[in-house]
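Participant: Assemble the whole structure, with the sequences as input and the hints as a guide.
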Amino acid sequence: MRWIVFRQVAISCLLVALALPAAARTRPHYGGTLKVEIEGDPWTRTGAQPGSIARRLVFDSLTRIDADGVAAPALAIRWASENDDHRWQFWLRPGVHFQDGSTLTSAAVEESLTGSCGTNCPWTAVHAVGSMVVFTGDAPIPNLPELLAGDDFLIALAGPANSSVAMAMGPLIGPFIGTGAFQVESFSNGALTLTANESSWEGRPFLDKIEIAGHKSTRDQVLDLSVGRADLIEVPAEQLRQAHEQRLTVIASPPVDLLALAVADGDVLSNPNLRAAIALAVDRMAISNVIFQKQGEIAASLLPASVTGYSFLFPADRDLNKARELRGGLTPPPITLSTEGRPAMLLAAQRIALNLREAGFNVQVAGAGAPKHADIVLLRLTLQSNQPQAGLESLLRRVGVAIPVRENSPAGLFRVERDFLATHTLIPLLYLPRAYAVSGRVRDLRLSHDGEPLLGGASIQNSQ
Amino acid sequence: MKLGWLIMVVASVLMGQAAGAAPSPWDQPAAILADQIAGMLGPGQASLTVRNLSTIPNDEIPSIRRLLQQDLKARGVLVSDAESANAIRVTLSENVRERLWVAEMVEGNETRVAMVHVEPGISQRAQPVGGLTLRKQTVLTSREPVLTALETADSLIAVEPEEIVIYLHTAEGWREQKRVGIGQKRPLARDPRGVIFLSSSGDGFDIFVAGMACSGSNQSAKPAEDWTLRCRESDDPWILVQPPVTQASGATQGAATQMDISVTPFKAFYNAARNYFTGVVNFSPGIDLPPFYSAAQLVRSASDAPMLIEGIDGKVQILDNAVLKPVTGTRDWGSDFAALQSGCGAGTQIVASGSGEALGDSLRAYELPAQEAIPASAPLAMDGTVTAMWSAPDGKSLFAVVRNAADQYEVDRVSASCN
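The listed protein sequences derive, respectively, from chains A and B.
For the first sequence, counting from 1, position 330 maps to 330 in this note's numbering; every step adds exactly one.
For the second sequence, counting from 1, position 326 maps to 326 in this note's numbering; every step adds exactly one.
What the hints contain is simulated information worked out from the structure, not anything from laboratory work.
Label pairs and their in silico Cβ distance ranges:
no. : chain 1 : residue 1 : chain 2 : residue 2 : range
1   : A       : Gly115    : B       : Ser63     : 58 to 66 Å
2   : A       : Ala139    : B       : Thr170    : 40 to 48 Å
3   : B       : Thr278    : A       : Asn289    : 53 to 61 Å
4   : B       : Gly360    : A       : Gly266    : 48 to 56 Å
5   : A       : Val250    : B       : Asp407    : 22 to 30 Å
6   : A       : Thr423    : B       : Glu144    : 39 to 47 Å
Just so it is clear, CB atoms sit at the ideal spot from N, CA and C, and this is done for glycine as well.
Facilitator: What follows is the structure in structure tokens.
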């Protein structure tokens with residue numbers, strides 16, 4: 001009897017539910033706090049990574065890269081080059097303010113770029129001229145608009161910040177006032193809290209707050225997402241398949257992270273044949289299949305196939321015999337191989353060491369915190385532009401090679417890549433996507449061209 | 001030498017056409033690639049392999065191979081199956097922007113490379129089916145967000161978050177003539193909205209954006225070139241539905257011109273700090289309206305023209321005789337809709353954007369004979385996310401703003417034809 005009543009109630013509820021009008025999709029709602037968990041630090045840059053998730057929310061750059069890989073206006077509304085790309089003028093967007101209320105001026109931009117740009121600057125000098133920022137270079141700077149969109153050139157209010165505010169920031173390093181959609185509220189216990197910038201030049205973001213908890217293991221992140229303590233977590237490429245199996249809502253980018261070996265061409269590996277032997281000895285297929293669960297795109301080129309279409313011209317197959325032949329019976333002294341701290345990177349480094357030992361090299365793997373002068377470093381480099389010229393130039397700059405890439409034709413770009421890779425100082429291995437899992441209440445989340453979540457346009461369901 | 005090759009390329013393309021064969025999209029890239037190969041190899045014999053790594057259908061590969069063979073032959077390179085010292089490996093590849101054909105010429109230990117980029121083909125859209133067919137025509141593209149726009153006889157007035165842009169009609173399309181700053185004092189919203197309507201006098205227009213109202217007028221014989229624009233701070237209610245207006249040209253325009261019905265101007269107060277209407281309107285609906293995002297008037301007959309609103313909770317309701325009635329069948333609706341007097345079926349349909357988050361948004365027409373939305377057309381694919389929609393002044397078409405993957409904005413005119 002009780003079962004029959006229960007069944008009737010259930011059927012009635014079902015019918016009522018079916019009869020109710022299902023809600024249509026609405027415009028994004030304002031308000032709410034988005035909880036983000038990441039493995040790295042929310043603020044401080046690590047290794048060869050271009051930046052941090054928070055910096056892009058707090059700071060803007062002069063330009064941004066649109067979905068076609070082309071530089072689009074951001075803090076600069078237009079630009080022009082002169083003198084065969086040796087001189088560039090950027091006109092600032094009027095009416096933009098820093099989060100402390102001060103006006104964005106060309107002098108502030110000059111000061112910020114002078115402070116942030118180290119020895120590997122694309123330009124020789126930067127000057128404020130009226131509402132313009134003028135860059136000059138001893139060499140041509142053909143891809144400057146695209147390069148300026150990179151995280152190295154975010155515009156921050158330089159100089160000592162208000163001391164009481166600075167105290168509240170705790171261990172936060174460097175300037176923290178920008179023009180971005182969010183401003184820093186506090187930083188404590190490894191968690192950074194950002195609040196909406198009401199006067200953002202792009203319009204007040206939908207979210208009221210973003211809380212970014214750093215240094216969380218992937219396991220903890222998944223757990224917190226499952227119990228509602230997190231709204232957005234990172235999904236490493238090697239966990240993507242598992243995330244899909246667990247039916248998590250995953251947003252993934254195209255392959256944007258290049259795994260590559262940076263090989264020092266001095267001391268132990270000064271002989272180019274030894275470096276070529278290393279390139280031939282690495283088993284990319286095994287690294288992709290075993291460690292990264294087939295989520296990577298095997299690469300022997302700097303730019304991925306989706307950007308150029310010619311990457312197949314760079315052979316990626318392992319050739320152990322040729323590697324041994326190139327080594328030519330030489331027994332080089334022990335080689336150190338280091339990498340960043342992620343477990344998958346360490347596994348990949350150990351696998352590469354095994355490959356190299358099979359080719360006759362004596363390799364020691366040093367993990368995180370290893371001396372910085374390792375002979376080989378396994379790097380993760382982010383492709384900062386999917387426009388081939390700028391993408392190639394920014395990748396090369398990231399490994400300390402300043403080559404202005406002016407070639408427009410695919411054949412010309414291929415020659416630049418081929419000539420650089422022939423030195424075997426950088427050996428591409430794999431391209432990996434970036435991915436995030438989100439809770440059911442996150443809406444309108446898109447990824448940037450380089451796989452960063454664009455939280456300025458995201459909102460939370462039913463927060464209004 | 002180069003000129004000679006160019007003449008040969010052009011001649012071979014022309015010969016192919018003269019021979020009566022329909023021009024193929026592969027004629028030109030095949031000729032250029034053959035030209036480069038022959039330039040590197042010189043006359044002689046070579047083997048040829050063609051592999052396809054692109055989205056070109058595999059059944060087109062034999063014809064591409066034949067084209068390459070012909071073009072190489074015309075340049076003195078004979079393709080032979082016999083073992084040859086020279087091998088040509090052609091790979092049909094592509095990247096996200098374009099196709100790329102790559103030839104590797106292998107001569108002993110040396111490999112040389114030639115490349116030709118090929119423009120991407122135009123994708124074919126499936127023929128839509130249903131009670132009526134929606135079609136779109138792009139009116140304007142802009143790097144800046146377009147909130148709304150109004151077409152007059154010879155002008156297009158586009159409203160951007162911070163500026164009003166007047167375009168003049170020319171033989172080449174719309175040409176920007178004038179930009180006027182709106183002069184907002186308060187910060188912009190992330191999801192800015194705006195409306196523009198012909199002024200009641202018919203010789204100008206009224207614009208509402210968050211916290212501001214602007215009016216445009218002209219008295220000259222050349223209206224398009226002499227618009228006077230004035231903006232002021234305002235919290236006045238926005239016009240959402242307008243009664244018919246006689247334009248300066250004499251044409252009668254308005255959302256309800258097809259039927260002889262009386263339309264009250266429907267105005268609603270907008271929450272300037274957010275992106276919705278508060279629910280307070282300029283007439284007494286007989287019931288408290290909830291805050292809402294969108295509203296449209298559904299003209300069913302001369303005596304039956306209820307308002308349709310979408311609340312901020314996503315519920316679509318009809319305001320009929322002081323009663324809000326829920327509408328079913330709106331699960332697939334997005335946040336924007338507008339009325340379209342197509343003349344098909346019941347005469348007026350509601351066209352709604354899609355509910356997906358993907359960049360590939362769509363529009364679909366619905367009939368609402370009672371409280372259920374019934375699809376009246378197949379979805380019309382849009383090239384991005386629909387960010388705004390409104391009915392044209394004559395009601396016979398509507399406009400949609402679409403933000404595409406490259407963050408460019410496109411204003412599309414959408415009209416319908418009866419099946």
